[in-house]
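Enquirer: Put together the whole structure using the sequences plus the hints.
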Amino acid sequence: MTTTIERPPAVPAAGGPARPIRRKRDRTSKTENLAGLAMLTPAVLLLALFIFVPAILAFGLAFTNARLISPYPAVFVGLDNFVRLFADAAFFRALLNVAYFAVVVVPLQAGLALVMAILVNKKVRGTTFFRTVYFLPVVTSMVVVSLLWLFMYRQDGLINVIIDRVTFGLVTGPDWLNDTATSMPAIILMSVWQGVGFHMIIWLSGLQTIPADLYEAADLDGVTAWQRFRYITWPGLSATRSLILVTITIQALSLFTQISVMTQGGPLNSTTTVVYEAVESGFAQQETGYASAISLVFFVIVLLISVVQRFLSREKA
Amino acid sequence: MAISNVAIAEVAPASAPHVVLGRKTAKKKRVIGVGGWILRIGLTVLFLFPILFMFVSSLKPDQQIFGDLSSIAAFLPIGNISMDNYAAVFDRVPAARFLVNSIGISAITVAAGILVNSLAAFALSRMRVRGKTIILTLIIATLIVPFETLALPLVWWVNQLPSFELTEFGFMFTKGWIDTYQVQIIPFVANAFSIYLFHQYFESIPKELDEAARMDGAGWFRIYRQVVMPLSGPAIATVAILTFLPAWNSYLWPLMVVQTEELRPVMVGVQYFFQLNVSWGEVMAYSTLITLPVVALFIAFQRSFVNSIASSGVKG
Chain R
1 MTTTIERPPA VPAAGGPARP IRRKRDRTSK TENLAGLAML TPAVLLLALF IFVPAILAFG
61 LAFTNARLIS PYPAVFVGLD NFVRLFADAA FFRALLNVAY FAVVVVPLQA GLALVMAILV
121 NKKVRGTTFF RTVYFLPVVT SMVVVSLLWL FMYRQDGLIN VIIDRVTFGL VTGPDWLNDT
181 ATSMPAIILM SVWQGVGFHM IIWLSGLQTI PADLYEAADL DGVTAWQRFR YITWPGLSAT
241 RSLILVTITI QALSLFTQIS VMTQGGPLNS TTTVVYEAVE SGFAQQETGY ASAISLVFFV
301 IVLLISVVQR FLSREKA
Chain W
318 MAISNVAIAE VAPASAPHVV LGRKTAKKKR VIGVGGWILR IGLTVLFLFP ILFMFVSSLK
378 PDQQIFGDLS SIAAFLPIGN ISMDNYAAVF DRVPAARFLV NSIGISAITV AAGILVNSLA
438 AFALSRMRVR GKTIILTLII ATLIVPFETL ALPLVWWVNQ LPSFELTEFG FMFTKGWIDT
498 YQVQIIPFVA NAFSIYLFHQ YFESIPKELD EAARMDGAGW FRIYRQVVMP LSGPAIATVA
558 ILTFLPAWNS YLWPLMVVQT EELRPVMVGV QYFFQLNVSW GEVMAYSTLI TLPVVALFIA
618 FQRSFVNSIA SSGVKG
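In order, the protein sequences belong to chains R and W.
First residue of the first sequence? That's 1 in our numbering, and the numbers climb one at a time after it.
First residue of the second sequence? That's 318 in our numbering, and the numbers climb one at a time after it.
Just to be clear, a hint being listed does not mean it is correct.
[To be verified] Once the Cα atoms are required to be at most 20 Å apart in a straight line, the calculated EDC-like pairs of lysine to aspartate or glutamate come out as: (1) K524/W to D221/R; (2) K30/R to D527/W; (3) K344/W to E32/R; (4) K449/W to E32/R; (5) K449/W to E520/W; (6) K122/R to D219/R; (7) K344/W to D219/R.
Don't read these hints as lab results, they were simulated from the structure.
Expert: The structure is reproduced here in structure tokens:
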């Protein structure tokens, strides 16, 4: 490892001056190459073992009847898993639910996060305090948040008590998580509450890249707050915007923890998700082959969405 | 940007700018200012009170939690306050064991992650390695894959991997990583995003420093350890936080690969509270217990937390 790089000989030997220098350099770059490879090996090996291999396995296993624990080796079954998948009502419900969740969460969370970012970007008293408080749910684990809201969403829980108080007993809140009409909106509300602080910070770092003199110039001209936003802030955030859309969408599609802790996909599959279905079949029922088929479809969807979103945002910018 | 410049130019007659700001706009500004404060405080209530409720409820017996719901007392530590719920949590769940497990797993993942990923980034950023462009591209390509899509094939895969145990007779090879500590650590050590962050940071450290060190006879590893890493504090902090949070919060993975109680991390422990009659006071106590370490770290290293989240904004 201790390769010393000496200065090239000051006085070239008579005969071939270039040769010994080059040989020397070749040797050092060889050791450099080896040392570099040695430093890369642990990371590359681990990434290969735990990302590339499972990715390839997802492709392979999806066409087999592999089980998590089985005395028999997996057998190739062609498209059987996919045929079954596309006839599976629960899987379609899961796709639909995830789409519903994403379509509501993405604009809601991105929009609210932007409002919050603009609020805490102003240099007013207590900005750090507000920033900290808004960020607090993000450092609280989704498992804990789910538990907390599980209690708040009870028929006799905090939220319904507040609804009752605010409307002077006129409105009785629903049994949020046990009603097919309100279960998904309830999950959505809670997820936005937990995640919005994260995207506030990302918007904020985008806001801080917008040159302050643009705002100063605008202030001198007495433009309205809306004009400031429309012509300075919004165009200045185009890169941040596409990033936020992609990350929230992919997060939304990967919905699992909330479901697992709060509803187990119920009532009547109204909150089941793609990842939840994959875990149910791949882990609870140990059908790795079938779960791999679900994972594969999921992966293709994620890929398509990030490609489309990137394409759209590139055109606009 | 082009649009905004044009727009500003249009409304910008370079003369007498202050006159434009008449009484009407000043009033409007004040209204917006007041609205801003109402929003700020409203949001504070929205985000703070549920967490406050969790903490306060953890100190109350169940009956009082329900009794207090309809008044502001739900958010105040008043009435019959005690640590009873916490004592009950330790009776019901091996909470201490879970906490030790999670602390150990997170700490090792963070430490190993910093080492492995920074070494790789160092080689990619500062050394001439054959094929490094391809390696870097492949590493970055893994960023688009959410963990959830790989989790199930990965469960099957780790169950095939050989594992060796220390027995009284020496080593013993067994099949499968299910039910071990290593299965909760090793798959999460190498991380493409950490490599990317280190790489970006290392690029900003002048390469002349390396050359000077090499003149003095320093080897590559020494340059890594004594030149580059000591200058990379912010990158290390960022990677540490971005590795720690998912490690501490991990739920899906240990749910599937750890069945033995002694090996479980904190998040999986929540299942214990729904087996028999649910005591919400205990649920809130356990929730507080497993949240407090993270919140404490967050408050202590607030700036680093915010910076690390902001830096994940370059992911796209």
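Enquirer: Taking the hints in turn, state whether each one holds.
Expert: How the hints compare with the structure:
In summary, the hint linking K524/W to D221/R is not supported, as the alpha carbons are separated by about 46 Å, beyond the 20 Å threshold. For the suggested pair K30/R and D527/W, the alpha carbons sit about 18 Å apart, so the restraint of at most 20 Å is met. For the hint linking K344/W to E32/R, the alpha-carbon distance of about 67 Å lies beyond 20 Å, and the restraint is violated. A threshold of 20 Å between alpha carbons decides the hint, and for K449/W with E32/R the separation of about 13 Å falls inside it, so the pair holds.
Restraint check for K449/W and E520/W: satisfied, since their Cα atoms lie roughly 15 Å apart, inside the 20 Å limit. Our distance criterion of 20 Å between C-alpha atoms is met by K122/R and D219/R, whose separation comes to about 14 Å. With a C-alpha separation of about 15 Å, the suggested pairing of K344/W with D219/R holds against the 20 Å cut-off.
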